[in-house]
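Here is what each chain is made of, one letter per residue.
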Amino acid sequence: MAGNSQEYISHHLTNLTYGKLPAGYVRQNEDGSTVELTEATWTMAHGGEEAAAMGFNAVHVDSLGWSFGLGALIMFLFWRMAKKASTGVPSGMLNFVEMIVEFIDNTVKESFHGRSKIVAPLALTIFTWVFMMNFMDLIPVDVLPAIFGAMGVGYMKVVPSTDVNVTLGMALFVFALMIFYSIKIKGIGGFVGELTLHPFNVKNPVVQALFIPVNFFLESIALIAKPISLGLRLFGNMYAGEMIFILIALMFSAGAALGLMAGVLQWAWAVFHILVITLQAFIFMMLTIVYLSMAHEDH
Amino acid sequence: MNINLTLIGQIITFAIFVAFCMKFVWPHLLGAMQEREKKIADGLDAANRAARDLELAQKEAAGKLREAKEQAAEIIEQANKRANQIVDDAKETARTEGERIVAAAQGEIEQEANRAKEALRKQVSELAVAGAAKILGKSVDASAHDELLNTLAEEL
Numbered sequence: 002m003a004g005n006s007q008e009y010i011s012h013h014l015t016n017l018t019y020g021k022l023p024a025g026y027v028r029q030n031e032d033g034s035t036v037e038l039t040e041a042t043w044t045m046a047h048g049g050e051e052a053a054a055m056g057f058n059a060v061h062v063d064s065l066g067w068s069f070g071l072g073a074l075i076m077f078l079f080w081r082m083a084k085k086a087s088t089g090v091p092s093g094m095l096n097f098v099e100m101i102v103e104f105i106d107n108t109v110k111e112s113f114h115g116r117s118k119i120v121a122p123l124a125l126t127i128f129t130w131v132f133m134m135n136f137m138d139l140i141p142v143d144v145l146p147a148i149f150g151a152m153g154v155g156y157m158k159v160v161p162s163t164d165v166n167v168t169l170g171m172a173l174f175v176f177a178l179m180i181f182y183s184i185k186i187k188g189i190g191g192f193v194g195e196l197t198l199h200p201f202n203v204k205n206p207v208v209q210a211l212f213i214p215v216n217f218f219l220e221s222i223a224l225i226a227k228p229i230s231l232g233l234r235l236f237g238n239m240y241a242g243e244m245i246f247i248l249i250a251l252m253f254s255a256g257a258a259l260g261l262m263a264g265v266l267q268w269a270w271a272v273f274h275i276l277v278i279t280l281q282a283f284i285f286m287m288l289t290i291v292y293l294s295m296a297h298e299d300h
Numbered sequence: 010m011n012i013n014l015t016l017i018g019q020i021i022t023f024a025i026f027v028a029f030c031m032k033f034v035w036p037h038l039l040g041a042m043q044e045r046e047k048k049i050a051d052g053l054d055a056a057n058r059a060a061r062d063l064e065l066a067q068k069e070a071a072g073k074l075r076e077a078k079e080q081a082a083e084i085i086e087q088a089n090k091r092a093n094q095i096v097d098d099a100k101e102t103a104r105t106e107g108e109r110i111v112a113a114a115q116g117e118i119e120q121e122a123n124r125a126k127e128a129l130r131k132q133v134s135e136l137a138v139a140g141a142a143k144i145l146g147k148s149v150d151a152s153a154h155d156e157l158l159n160t161l162a163e164e165l
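Protein chains in written order, with the numbering used here: chain W, 2 to 300; chain C, 10 to 165.
The hints are simulated quantities; they were obtained by calculation from the structure and are not laboratory data.
One thing to keep in mind: the hints can contain errors.
Cross-link-like lysine to aspartate or glutamate pairs, in silico, DMTMM-like; alpha carbons within 20 Å at most [unchecked claim]:
hint : chain 1 : residue 1 : chain 2 : residue 2
1    : W       : LYS85     : C       : GLU46
2    : C       : LYS48     : W       : GLU99
3    : W       : LYS84     : C       : GLU44
4    : W       : LYS118    : C       : GLU44
5    : C       : LYS68     : C       : GLU79
6    : C       : LYS47     : W       : GLU103
7    : W       : LYS110    : C       : GLU44
8    : C       : LYS47     : W       : GLU99
9    : C       : LYS32     : W       : GLU298
10   : C       : LYS48     : W       : GLU103
11   : C       : LYS32     : W       : ASP106
12   : W       : LYS185    : W       : GLU195
13   : C       : LYS131    : C       : GLU156
14   : W       : LYS118    : W       : GLU103
15   : C       : LYS47     : W       : ASP106
16   : W       : LYS227    : W       : GLU195
17   : W       : LYS21     : W       : GLU51
18   : W       : LYS85     : C       : GLU44
19   : C       : LYS90     : C       : GLU101
20   : W       : LYS84     : W       : GLU111
21   : W       : LYS110    : C       : GLU79
22   : W       : LYS227    : W       : GLU298
23   : W       : LYS185    : W       : ASP143
24   : C       : LYS32     : W       : GLU103
25   : W       : LYS84     : W       : ASP106
Generate coordinates for the entire structure from the input sequences, incorporating the hints supplied.
Structure representation (structure tokens):
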């Protein structure tokens with residue numbers, strides 16, 4: 002049972018990976034025989050070990066596929082509603098979409114004081130997309146992997162935001178925008194000045210020169226911590242939530258009494274998770290707005 | 010858990026979606042919403058204006074009505090006055106006419122009476138003369154006693 006549980010959990014935490022196995026890697030076939038690769042090969046990974054051996058040259062097909070699919074779905078929905086939107090009386094889905102747009106617009110207006118064409122659409126994209134990706138967490142953990150398993154796909158991790166690549170990727174894009182707008186608004190000099198003349202600022206140029214490395218060290222950490230914390234916060238929350246769903250799912254196979262309890266727990270955790278996924282999407286959006294607002298501020 | 014090319018893939022996907030949202034979604038939705046907001050505000054303004062206009066018109070109509078009533082009352086009063094005057098005039102005319110007729114009738118009566126008196130007097134004097142003649146036995150020379158007789162007649 003212990004071995005089964007471990008397999009169950011690690012199976013759920015393994016991505017469907019396509020990548021390049023290095024030359025000399027010994028592949029293990031299902032019947033136990035081994036094949037040594039003579040040259041580097043792009044292939045689907047059979048399990049976590051091969052995925053780990055691929056290193057950086059690998060793509061999580063499931064994460065990327067789900068994230069792209071969900072993003073495309075939500076963008077398609079918003080695009081269709083945008084085409085339908087007119088000055089007439091809105092109805093049905095359009096009401097809902099406009100409610101979200103107005104909410105985002107107000108949030109951006111409150112937190113972002115510069116003028117920018119990108120911040121509001123960026124916030125909308127983040128909020129809706131991250132929400133959709135998090136929402137996959139509410140689908141019982143075994144449903145989609147079982148469906149794909151029946152179709153012959155061995156691994157399927159359906160919640161893209163439990164993949165650190167996905168969350169860090171988004172955070173890095175936000176980081177790139179931060180750097181871009183910092184330099185665009187304040188100029189290279191202003192940006193460098195911001196990194197080197199704070200927090201220790203003195204009138205005496207000699208003393209200031211001594212403080213520059215210290216300032217740079219501190220400010221760099223502060224700057225780099227922003228995207229890292231942004232990405233890891235979402236990842237950590239969703240990964241932990243997913244983990245608990247998996248552990249609850251394990252209880253289903255442990256008898257009627259535990260199975261019943263698992264059902265109650267599953268329901269309770271899912272209800273709680275409705276709050277978590279919305280909150281995490283909102284936090285990611287809010288922090289992005291705040292970071293970009295800081296990038297637009299000229300001292 | 011490994012960092013790999015998925016990271017790059019996600020950055021590209023993110024960039025595409027943000028660009029799409031910026032170009033095709035956000036401006037249309039927000040534009041339509043702001044336009045609608047303006048339209049509603051205009052509509053409310055127009056409604057307010059119409060309500061104010063209506064109130065003014067009602068006030069004006071009430072004023073006109075009051076004025077018309079006042080005029081009508083005035084006209085009626087004038088007509089009444091005129092009617093009274095006419096009646097008074099007619100009364101006055103009738104009264105003077107009546108007085109005139111009464112006066113004329115009285116005049117005539119007096120005349121008649123005088124005439125009757127005269128005739129009576131003449132007859133009395135003649136009767137007196139005749140009586141006297143009978144008394145004296147002879148006819149009185151009318152011409153000789155004419156003066157006397159006339160005086161007598163006048164005394165009667």
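Contradicted hints - numbers only: 9, 20, 21 and 23
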